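Trainee: In our numbering, the protein residues as written are 1306 to 2226.
Calculated from the structure, these hints are not laboratory results.
These figures come from a predicted structure and were not determined experimentally.
Please note that a few of the clues may not be correct.
[To be verified] Result set (BS3-like, lysine-lysine): computed pairs, CA atoms no more than 30 Å apart in a straight line:
1. K1845 - K1988
2. K1456 - K1545
3. K1401 - K1531
4. K1923 - K1891
5. K1440 - K1397
6. K1401 - K1727
7. K1401 - K1567
8. K1326 - K2083
9. K1508 - K1679
10. K1401 - K1472
11. K1527 - K1508
12. K1891 - K1880
13. K1917 - K1804
14. K1545 - K1567
15. K1735 - K2195
16. K1326 - K1307
17. K1917 - K1880
18. K1326 - K1913
19. K1307 - K1333
20. K1588 - K1440
21. K1472 - K1545
22. K1931 - K1326
23. K1913 - K1923
24. K1508 - K1456
25. K1763 - K1819
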Amino acid sequence: MKLLLIDAYALIYRSYYAFIKNPRVNSKGFNTSAIFGFVNSMEDVIKRENPTHIAVGFDPSGPTFRHEAYEHYKAQREETPEDIRLSVPYIKDIIKAYNIPILEIQGYEADDVIGTISHLAEKEGFEVYMMTPDKDYGQLVTEHVFMYRPKFGGDYEILGKKEVLEKYGLTSTDQVIDLLGLMGDSSDNIPGCPGVGEKTAQKLLEQFGSIENLLANTDQLKGALKKKVEENVEQIRFSKFLATIKTDVPVEFDAKACVREKPNDERLIEIYTELEFRTFINKMKGEAKKPVETAPVQGSLFDLFPTEVPTVPEYSTLADLKSTPHEYHIIDNEDAYLELGAYLSSHDFFAFDTETDGVDPLTAGLVGLSFAVKENEAWYVPIPDNKEEALKIISYFSPALQDLNSTKIGQNIKFDILVLRKYGVRVRGKLFDTMIAHYLLNPELRHGMDYLAETYLKYKTVPIEDLIGPKGKGQKSMRHVPIDQVAEYAAEDADITLKLRNYFAPEIEQAGIKSLFEDIEMPLVFVLAEMEYTGVKLDKAALKQSSEELTAELIKLEAEIHELAGMVFNINSTKQVGEVLFDKLKIEEKVKKTKTGNYSTNEETLEKLRSKHPIVGKLLEYRGLKKLLSTYIDALPQLINPATGKVHTSFNQTVAATGRLSSTNPNLQNIPIRDALGREIRKAFIPENEDCLFFSADYSQIELRIMAHLSKDEHMIEAFRSGEDIHASTAAKIYGIPVKEVNSDMRRKAKTANFGIIYGISVFGLAERLTIARSESKELIDGYFRTYPQIREYMDESIRIAKEKGYVETIFKRKRFLPDINSANAIVRGYAERNAINAPIQGSAADIIKLAMVRIHRRIQAKNLKSRMILQVHDELNFNVYKDEFDKIKQIVLEEMENVIKLEVPLIADCGSGANWLEAH
1306 MKLLLIDAYA LIYRSYYAFI KNPRVNSKGF NTSAIFGFVN SMEDVIKREN
1356 PTHIAVGFDP SGPTFRHEAY EHYKAQREET PEDIRLSVPY IKDIIKAYNI
1406 PILEIQGYEA DDVIGTISHL AEKEGFEVYM MTPDKDYGQL VTEHVFMYRP
1456 KFGGDYEILG KKEVLEKYGL TSTDQVIDLL GLMGDSSDNI PGCPGVGEKT
1506 AQKLLEQFGS IENLLANTDQ LKGALKKKVE ENVEQIRFSK FLATIKTDVP
1556 VEFDAKACVR EKPNDERLIE IYTELEFRTF INKMKGEAKK PVETAPVQGS
1606 LFDLFPTEVP TVPEYSTLAD LKSTPHEYHI IDNEDAYLEL GAYLSSHDFF
1656 AFDTETDGVD PLTAGLVGLS FAVKENEAWY VPIPDNKEEA LKIISYFSPA
1706 LQDLNSTKIG QNIKFDILVL RKYGVRVRGK LFDTMIAHYL LNPELRHGMD
1756 YLAETYLKYK TVPIEDLIGP KGKGQKSMRH VPIDQVAEYA AEDADITLKL
1806 RNYFAPEIEQ AGIKSLFEDI EMPLVFVLAE MEYTGVKLDK AALKQSSEEL
1856 TAELIKLEAE IHELAGMVFN INSTKQVGEV LFDKLKIEEK VKKTKTGNYS
1906 TNEETLEKLR SKHPIVGKLL EYRGLKKLLS TYIDALPQLI NPATGKVHTS
1956 FNQTVAATGR LSSTNPNLQN IPIRDALGRE IRKAFIPENE DCLFFSADYS
2006 QIELRIMAHL SKDEHMIEAF RSGEDIHAST AAKIYGIPVK EVNSDMRRKA
2056 KTANFGIIYG ISVFGLAERL TIARSESKEL IDGYFRTYPQ IREYMDESIR
2106 IAKEKGYVET IFKRKRFLPD INSANAIVRG YAERNAINAP IQGSAADIIK
2156 LAMVRIHRRI QAKNLKSRMI LQVHDELNFN VYKDEFDKIK QIVLEEMENV
2206 IKLEVPLIAD CGSGANWLEA H
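Taking the hints into account, I'd like the entire structure generated from these sequences.
Mentor: Structure below.
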């Protein structure tokens, strides 16, 4: 028999903070991160361990006996985030729906209840697994009681007596209490002995065995340690009391109540539907359809009750194609083509969708077109594989699709525009993309059609897997699915897209973002489609040469690193790197280990240690080269389209909550621009042919200029208006010296402060970034705000507005919602406050370059020029320019970039040209 005991709050907090940077928020604005993570973890461990019995322990509301004994117990902890408080009732409801008992005893923490139950269960013959990340549970481990610890980054580790003793360097699990009593526990505010850390505590226990024996023999200690221990005898004893998990809580172990039973699926679906946990509902539906084995199978959630298939209501609260009256038609003859084409042309708007035999719009073949003008009515036009026949059929609908006076509605309509482009159709007119509309209304949420339909229309769409099967080698092509099945699926897509447009259009108006949607985001779809279609040429020979040179450099670096280490080891193993740096070379004495029990050797850690040993710089260089090779140099040639000989990156409008574009295949936003490695990549991006140049233009310090505009700070505005070097000017004002006396170090510090302030950098953060003392960092920040007093006012006002409205806006009214801005938890609130300051700046910069792209694109089209915009990377635009058009393009680009909006300070764009991206920028 196996009993699983879950420490609820430890798991809830872990789940919540795992999503802190990208929280899961549903359409009601409720942060469901803690609930989602908890359920995921609980289901995962149940499937992994297949326990026969299970229970979940919760801390009760109100004080426990430890609080009564020590008023400062856990007093330093931040307030529980509101999102967690609101999540706990849902989590308890889910646990109850699973028919799992909740253990909660007034006056005792979950640790104490779990500790007591684990020992009672062991006496009844159970193997007990305590699921928690908290190290203090190590004291409870016995021959049959184990810690089940979630590992950082996923997976779990099971700690028995042997593992606990090895992990903490002890001889008895009872010593875990002594270890905590000596070193203290900052998370619980257990004081311990001042100046005694883990290693000292381990040495003391190795010598004396226990706290009691240590305190009875302090005469054997020497120097400062003897003084520390003797001066804190009572505190050490009390710390041990606080660290001791009770195993005699007045609670009985009811084995029958803990038997794992069949969950209440109807109740779970009810809760999951309210929370919008579609993934869990789908998973349950899949479980319900599986044939049941006659004997339990390891890992199945329903192993204990294999007698019948549980009945799971299929989205009982959602409408679907079967329950919704509809008229969907297949159009497959010339008369019908003519009639539908004319019908579409007679309307001011219509929704359309393409069905294809692939997911890359530049290589996929068109399988069919669907159209909708009125809700619950749609048409499907099958398109044959024969290109000539396909072009003929499509020609009947080209006039409607290319009509400048009608609005085309789509979900991710850029895909459809690119597919049709290959068939000679240039979609024109206004656009209404339902995916982008939802992104503007709720940037933090998901934007897929299935999610939107369920959330806003309460409708369950036909999954594509029903037609072509699950992802993998066996998945069919849409081309091979019977037409009547494709017709229902495709017509539904057009119909649902139309319904979503009808839902979102008034929402866009009401939110005050109609101009942002219609004047920036929708015209930008055409611009991005053109850029993706055009693509960019790569110099394969240059990439091959770079690959050979960098590989040789990598081999050389590897040999140098091994020589510096005095041994051969796997440089790609973070575990081995940590052991070499900290155990063998001992480049740092006080080194903390990660939650996995290994030394941290991430880039941030290594950068701080760069000056400690020459091996560190070599390791960083090695990693940078290896990443460059794998991510770009060796990967880029694989992305070249054989038909065009170019790379066609995909630009995404609905990923970054800030409004910035992202890109994939390849991701160009993450290319290291300024360093030598980035130069290797950029020199491989070349113009189309000998008649062309690579032209690049980028905004100069646009975010600082927006900060000056938004804050109305007179000193910063004046610096920009006079054309001064803003960083030198800032340094001069901070240090109270003339600009000409500012040296490079002063300018560097002022530059870091200038950009750091935008991102809400702290005294500690600036000190770390500049490797200076915190006192100097504080003086620098104080001096900065004395220099630019209205920037401080802007920051405070941004936070005040966010607290009042729950969101902040860009110059163009793009909203960034900040539900945690009023949190009582300082960590959570601080993250929201930094976003309140930065989002209007970063978002406005994104809006400005998008609008510039739209205007540049229109002017290039209006003048019928051959040159094309081909790449956008943050504040930079890149072009393939025909030499005879160079002057015209340069004029258009600079005029539009610098005059796209009137700010308090001038917008400046720098530009350059050459035989490749490197020469141009």
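Trainee: Now tell me, hint by hint, if it's right for this structure.
Mentor: Going down the list of hints, with the structure as the test:
no.: 1; hint: K1845 - K1988; result: holds (11 Å)
no.: 2; hint: K1456 - K1545; result: holds (27 Å)
no.: 3; hint: K1401 - K1531; result: violated (53 Å)
no.: 4; hint: K1923 - K1891; result: holds (17 Å)
no.: 5; hint: K1440 - K1397; result: holds (25 Å)
no.: 6; hint: K1401 - K1727; result: violated (55 Å)
no.: 7; hint: K1401 - K1567; result: holds (11 Å)
no.: 8; hint: K1326 - K2083; result: holds (27 Å)
no.: 9; hint: K1508 - K1679; result: violated (78 Å)
no.: 10; hint: K1401 - K1472; result: violated (36 Å)
no.: 11; hint: K1527 - K1508; result: holds (14 Å)
no.: 12; hint: K1891 - K1880; result: holds (15 Å)
no.: 13; hint: K1917 - K1804; result: violated (63 Å)
no.: 14; hint: K1545 - K1567; result: violated (42 Å)
no.: 15; hint: K1735 - K2195; result: holds (28 Å)
no.: 16; hint: K1326 - K1307; result: violated (36 Å)
no.: 17; hint: K1917 - K1880; result: holds (19 Å)
no.: 18; hint: K1326 - K1913; result: holds (24 Å)
no.: 19; hint: K1307 - K1333; result: violated (40 Å)
no.: 20; hint: K1588 - K1440; result: violated (33 Å)
no.: 21; hint: K1472 - K1545; result: holds (20 Å)
no.: 22; hint: K1931 - K1326; result: holds (27 Å)
no.: 23; hint: K1913 - K1923; result: holds (14 Å)
no.: 24; hint: K1508 - K1456; result: holds (27 Å)
no.: 25; hint: K1763 - K1819; result: holds (25 Å)
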